[in-house]
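Trainee: If you want the building blocks of each chain, they are given just below.
2 protein chains.
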Amino acid sequence: MKLDNTKVQMKKGVLEYCILTIISREEAYASDILEVLKKARLIVVEGTLYPLLTRLKNSGLLTYEWKESSSGPPRKYYKLTPKGREFMEELGQTWEELVYAVELTTGETIPKHDKTQNNEQNS
Amino acid sequence: MKLDNTKVQMKKGVLEYCILTIISREEAYASDILEVLKKARLIVVEGTLYPLLTRLKNSGLLTYEWKESSSGPPRKYYKLTPKGREFMEELGQTWEELVYAVELTTGETIPKHDKTQNNEQNS
DNA sequence: ATTGGTAGCTTGTTATACAAAGTACTAAAG
DNA sequence: CTTTAGTACTTTGTATAACAAGCTACCAAT
Numbered sequence: 696m697k698l699d700n701t702k703v704q705m706k707k708g709v710l711e712y713c714i715l716t717i718i719s720r721e722e723a724y725a726s727d728i729l730e731v732l733k734k735a736r737l738i739v740v741e742g743t744l745y746p747l748l749t750r751l752k753n754s755g756l757l758t759y760e761w762k763e764s765s766s767g768p769p770r771k772y773y774k775l776t777p778k779g780r781e782f783m784e785e786l787g788q789t790w791e792e793l794v795y796a797v798e799l800t801t802g803e804t805i806p807k808h809d810k811t812q813n814n815e816q817n818s
Numbered sequence: 696m697k698l699d700n701t702k703v704q705m706k707k708g709v710l711e712y713c714i715l716t717i718i719s720r721e722e723a724y725a726s727d728i729l730e731v732l733k734k735a736r737l738i739v740v741e742g743t744l745y746p747l748l749t750r751l752k753n754s755g756l757l758t759y760e761w762k763e764s765s766s767g768p769p770r771k772y773y774k775l776t777p778k779g780r781e782f783m784e785e786l787g788q789t790w791e792e793l794v795y796a797v798e799l800t801t802g803e804t805i806p807k808h809d810k811t812q813n814n815e816q817n818s
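As they're listed, the protein sequences go chains A and B.
So the first sequence is numbered by this note's numbering: it starts at 696 and just counts up by one.
So the second sequence is numbered by this note's numbering: it starts at 696 and just counts up by one.
Worth flagging that the hints you see were computed from the coordinates, not collected in a lab.
Careful, some of the hints might be misleading.
Same chains, same names: a pair is fine if it fits in one copy or spans any two.
Derived DSBU-like pairs: lysine-lysine, alpha-carbon spacing no greater than 30 Å straight-line [claimed, not checked]:
| id | residue 1 | residue 2 |
| --- | --- | --- |
| 1 | Lys702 | Lys762 |
| 2 | Lys734 | Lys774 |
| 3 | Lys778 | Lys762 |
| 4 | Lys771 | Lys752 |
Sequences and hints are given; from them, build the entire structure.
Mentor: In structure tokens:
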């Protein structure tokens with residue numbers, strides 16, 4: 696039971712949600728998505744992302760179209776289907792419920808990260 | 696790709712953290728833990744909990760001792776080892792980072808449910 | 001034609017939540 | 001004493017998904 700492993704486990708299921716929201720804002724191809732996730736410190740590797748995109752596409756949540764690139768091979772640009780948008784919203788709710796459940800269970804120990812924007816932070 | 700399944704995936708890794716925090720407050724046996732999780736709407740079944748407790752014990756994060764019950768067979772009461780407490784804190788940080796990462800990725804859509812500091816568990 | 005970089009894909013491994021069935025102990029009823 | 005019901009704990013098999021590592025394919029410049 697390694698900490699790294701638990702971290703991996705925690706990510707499961709969350710990735711789908713994140714990726715759907717990324718694509719929902721603007722059509723994107725794999726490297727775009729990896730970049731956004733990396734900025735958010737949600738490290739993901741190609742071997743994880745590509746199968747996930749294929750699963751989402753096969754479930755009818757995404758479509759893609761090939762687009763030329765000015766420098767390199769063509770890219771698959773994904774976008775959400777209506778069903779995908781609906782599912783994304785359901786996942787959002789599931790995620791909220793999970794966060795809430797963990798807060799309840801652990802005793803509301805989740806202090807917001809020390810980002811400066813939140814104002815109603817006591818404790 | 697079913698929603699139920701994704702929910703299951705999201706739970707992975709989080710359970711360990713929740714269970715450690717439950718035990719950290721007060722030694723507990725399986726049914727105690729199930730009750731707390733159920734109140735928080737984190738449904739878990741025995742077949743999940745028992746192996747998890749055993750894993751945590753084998754990793755040196757928990758110890759247990761048998762205690763008689765006034766009505767039924769004896770119970771294994773678990774409590775945290777120092778190592779377990781340390782690991783719990785690490786998991787707490789991992790969880791925070793994950794919540795933060797999802798907020799960043801999805802565009803800060805997570806409304807806090809309860810901002811006041813008192814967390815009475817709705818029974 | 002060769003090289004280097006980008007983009008996408010595949011295979012095998014591992015971990016874990018779950019369903020379902022099984023074991024063991026206690027107390028109360030027949 | 002045996003049976004029954006209830007509680008506590010355990011085990012087995014299945015499915016899923018993230019990962020590491022390697023692969024193929026396309027494009028442009030040498």
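Trainee: Evaluate each hint against the coordinates.
Mentor: Here's how the hints hold up against the structure:
no.: 1; hint: Lys702 x Lys762; result: neither (35 Å within a copy, 34 Å between copies)
no.: 2; hint: Lys734 x Lys774; result: within (21 Å within a copy, 38 Å between copies)
no.: 3; hint: Lys778 x Lys762; result: within (23 Å within a copy, 52 Å between copies)
no.: 4; hint: Lys771 x Lys752; result: within (12 Å within a copy, 47 Å between copies)
In the structure shown, a violation is registered for the earlier hint numbered 1 alone.
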